[in-house]
Amino acid sequence: MDKMDRKEAIKRTAMLMGGVVFAPTMLGVLKGCSPSTGRWRPELFTASQAALVTALSDTIIPATDTKGAADVGVPGFIESMVKDVYSEEQRTSFLDGLERFDEKCREQTGSAFASLDAGAQTEFANTENRLAIENEAEEGPQFFLVFKELTMVGYFRTEEGATRVLRYEDIPGIYQGCIPFEDVGRTWSHNH
Amino acid sequence: MNLNLKAKKNNSYDAIVVGTGISGGWAAKELTENGLNTLVLERGRNVRHIEDYPTMLKKPWELPYNDRVTQEEAQHYQKQMRTGYTIRQSTKHWWIRDTDQPYEEIKRFDWIRGYHVGGRSIMWGRQSYRLAPMDFEANAKEGIAVDWPIRYEDIAPWYSHVEKFAGISGQALGLPQLPDSEFLPPWELNCVEEHLKESLDANFGRVLTIGRTANMTRSHQGRGSCMSRNLCMRGCPYGAYFSSNASTLPAAEATGNMTLRPNSIVDSIIYDEDLGKATGVRVIDAETLETFEFYSNVIFLNASCMNTTLIMLNSISDRFPNGLGNDSGELGHNVMDHHFRVGANGEFDGYEDRYYWGRRPTGFYIPRFRNLDRNDRSYLRGFGYQGGASRQDWRHAVRELAIGEPLKELVQTPGKWTLGMTAFGEMLPDHSNRVYLDHNKKDKWGQPTLVFDVEFKENEFKMREDMKNDAAEMLEAAGFKNITTFDDPGGPGLGIHEMGTARMGRDPRTSVLNKWNQVHACKNVFVTDGAAMTSAACQNPSLTYMAFAARSAHYAAEEMKKGNL
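Chains as they are written, first to last, in our numbering: chain A, 64 to 255; chain B, 2 to 566.
Chain B extracted, bound-state conformation:
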């Protein structure tokens, strides 16, 4: 008895944060800066900024196999490789082996994961866009799913708060459907992108702007300016893009209030029936398989959408027989991602005397232009485009009548300008799109595995017609030649924007979280990763997760000070 009490005292904190990715890093920073003694748990290995980026300085000739993985290596990454870009010699150490944590696909779902301190904040695409007032209103207006319990005005100050620290470059435009951030100077468009921009404005009244990205165009917050290497996914020696490792975790560390514990898989949340609240978490050591319990006043779940859901579904008590906070039965349902890989490519004649310097870590963005003021399409919501123009590299000479010395000369002049763009469309929340646990099939740590039953539905497929045709039409109007369209949705999950499985809402009977991201019936548990999303909008979501995490952590700290938590 005495021993247990002592163990409990040693393992007790003000707050526990589960996960160190984009949202977990923010929760850790805000909680520790508000004076809370915080335990930060990460299921993967430790990754220290700079020291643990083994490939960040490798030159092309220092990577074997032209950066591709061997057949033998690829066997372990069959699902992780579905993106086509994730598993390289230079980046493979950031992604899990599928065999470590298998999952079942009733329908194809591409669950792309990275387990280590920093999570996917190391490898993310860095595109950073605010959701708009219309995005928070759409569900209520159209009678889709449930209403968001907040409006844009509630989150806007927190967007500003996280942007000022993260460092987001971009061009202010004053668009209602894509509110401006607190921007660092924008990257430049190249000649052909500039040409398309002018054509879109003249022919369609549509906007093209440089991608808003968490790559810093000047030194900011003690981190270096981007050097235009575009090797971000390997980890940045300058700390020039936002990652937990470079940004939020060092800030949390600096407070002296953070205890970071890698290799700690959270099995479940401990719920105390008498107190009527959560008291801690059960942890499995990923290396030794030993189990521990850690205790705290508040718990932040930032394990990424699916793993947060897995932990909640696996947290069974008399009060919550179907998973923590699952009174509504919505936990695990309403899975969303963005649907993309549909658009057009084209070639452009001209600008043959123009080129570019450096490797820009972003492309261009065409903000949503469909269904803005009124709904006049055969589908709800809309999409934006991401794309880029460049001149063909040496590959243009493969199919030329040149061998030997003439070939070596030919490749020294770049080929034509080409431009490609893919739309990113909103996926509607749908109760039938869900994940659930298989308790009979365990992973290598003895955890139940997830079963995915998710698909794109009619609204998405109708939208894809516009996503494809609008792209081709815009390229045609701008004078592009040899325009080709493409449309290959792949599986949901491929956008690596999985979200929605513990949605926020006004009514505990139809949602899991309240307007502060608290579990309705267990208010000292907060969920501030993608699981909390009530709808997806069409913008890349990470910036929104940052804002929600910071807002909720601040709220939790205030409530603790008031003695309410």
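Chain A with its partners taken away, still in its complex shape:
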């Protein structure tokens, strides 16, 4: 049985058993078959911006027992949104935010964010996350939270994020309005 057949077989078993079998123990079996993401060639971002976006998104959502943001193409997704979907004003503000983020990182750590080791990246990102949450009410939209949310949008719309970190059912089949949380087990990737 090749990998895709096995995945289908597991899915069908899950359906037969009422759709509640998706325990984390099965994740190891399923991990084998996510499609590889094509190589990303930045068009809008400079090399250093691309390195920062890759490092920061992967710090926000790193590989654990599931893949991280960089592994599933989130940096390329972020660029496509900023390049094609954002307005001119939003784009300028985002690129400016990237520059300032790295500038601050250099000032405080002596190194660009992408060049820090993983521990230092997490520490710096945690501080920026906290400051952004604290300052948002007074200062308005914060670059870090814009970036964090865009990373999460990008990640949880992938098959990895939607089905292996969160819960996704392509064809739920029925609607039940009030069931024990354990019957679902994890947050739905799509609420509506």
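Treat the hints as calculated values from the structure; they're not laboratory data.
Take every hint as true, because none was put in to throw you off.
In silico DSS-like pairs for lysine-lysine, Cα to Cα no more than 30 Å straight-line:
| hint | chain 1 | residue 1 | chain 2 | residue 2 |
| --- | --- | --- | --- | --- |
| 1 | B | K443 | B | K278 |
| 2 | A | K146 | B | K60 |
| 3 | A | K146 | B | K59 |
| 4 | B | K93 | A | K146 |
| 5 | B | K9 | B | K278 |
| 6 | B | K9 | B | K563 |
Knowing the structure of chain A, use the given hints to seat chain B on it.
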């Protein structure tokens, strides 16, 4: 001469239906099932059920840009995007490009259109409610506009008729202000909606019920049961909600009496001065710009409110210099929609061990509770609410102190229960709210364009105070926290319930259509889309258009058999 006669014979039918949306599909079904050889004209491209729903099976990761459109694409849809939900990668092919058919706004009007076989029956919200006896009586009782020429009893059997075929799920309640339909089993409320329902009953004596929707909870009429994907707007592979493509047009096709002609824009109705009736329609081929004439004994206008009005205003003859059937001068006036986007949101503590399975294709409904037995508010008429509760998704973790692995763990537990609801209020008919033609500015097919001069007025704005405050008060009484209210009417049209521009009435001097939806002074032309509405009520109107279309088509067929048409 000989050639013309032959062409006329080849282009002649018993009936012509203009438009294939919710009401046109019903007219086509009833006329063809009554044995009439029927030409069905659609201005847009053909859309075959299932085969032509290109995004119906796309998974989230198969849609670029997280389903949003690019800046470049958005340029073509500036007005169509005003809803905030219509233009997506998964649905953009169902909506027109504003640049194809521009219109002028003396005041903001959001004219949201989809041109293809099936029309907006593919993308509609599917909420299905009967109008009530009080809705048909209100104009006469209050001296507003003109009286409806029919009463609830006249249309009730036709509601039943269309409901049995369409498949409407819902809960029977026996409410006088919201008569029950012929229901399929209802969808379930979730825990927090159930909680609000109990609180409304205990604290206010008000009703909350599951939305009545044309999504089928079991197989029905040869179509499949809903799979709770809630991707309806892309077109349904199961045919599990009512659309012309899945339901009425296949029924019409099956009779062998339907000729469907897509890419056919009706320019105007041909009126024969000697015969004193309409004899056919002039058509522009949307692709080649060639013009044709088609002839028939009866003509059904179901082009959607504004385009039906456009065709009638553009149908000039010696008898009707101001547009077909416009003796009263009311054609194009009395534009109505529903006013909404006012209500409240709140968070609920509790039920943290409860969740739901599946994506339900409807929310809850709170039927009208104001001005029922007597008028004790500072405004006339009333409103209902539509809303839903859900648990916050991964977004609740954006503003949490979590990065990296802790973030990935945090998102796996959903956030708090939240509930939101918006009221839908009745808009009164007002002669000054109108559309008219600009013959100097043409669209890409050479058709005159519409000018909109429509606004919400005092009664609507007074009502909105209650619509906002009642929502907040009900959430507060039910123990919701962090309650916020909102009130942003947008432009009329945003409800995509535009109606009223060729109203029914008893008197030809003050209305355009009679009690059978016939043009008073040109009885072989029927208008059975939203244009016919004499008042709006506060319920979603599509079910009523279905009932009127079926009733009038049946009447037309009977009259033809008797030789009266």
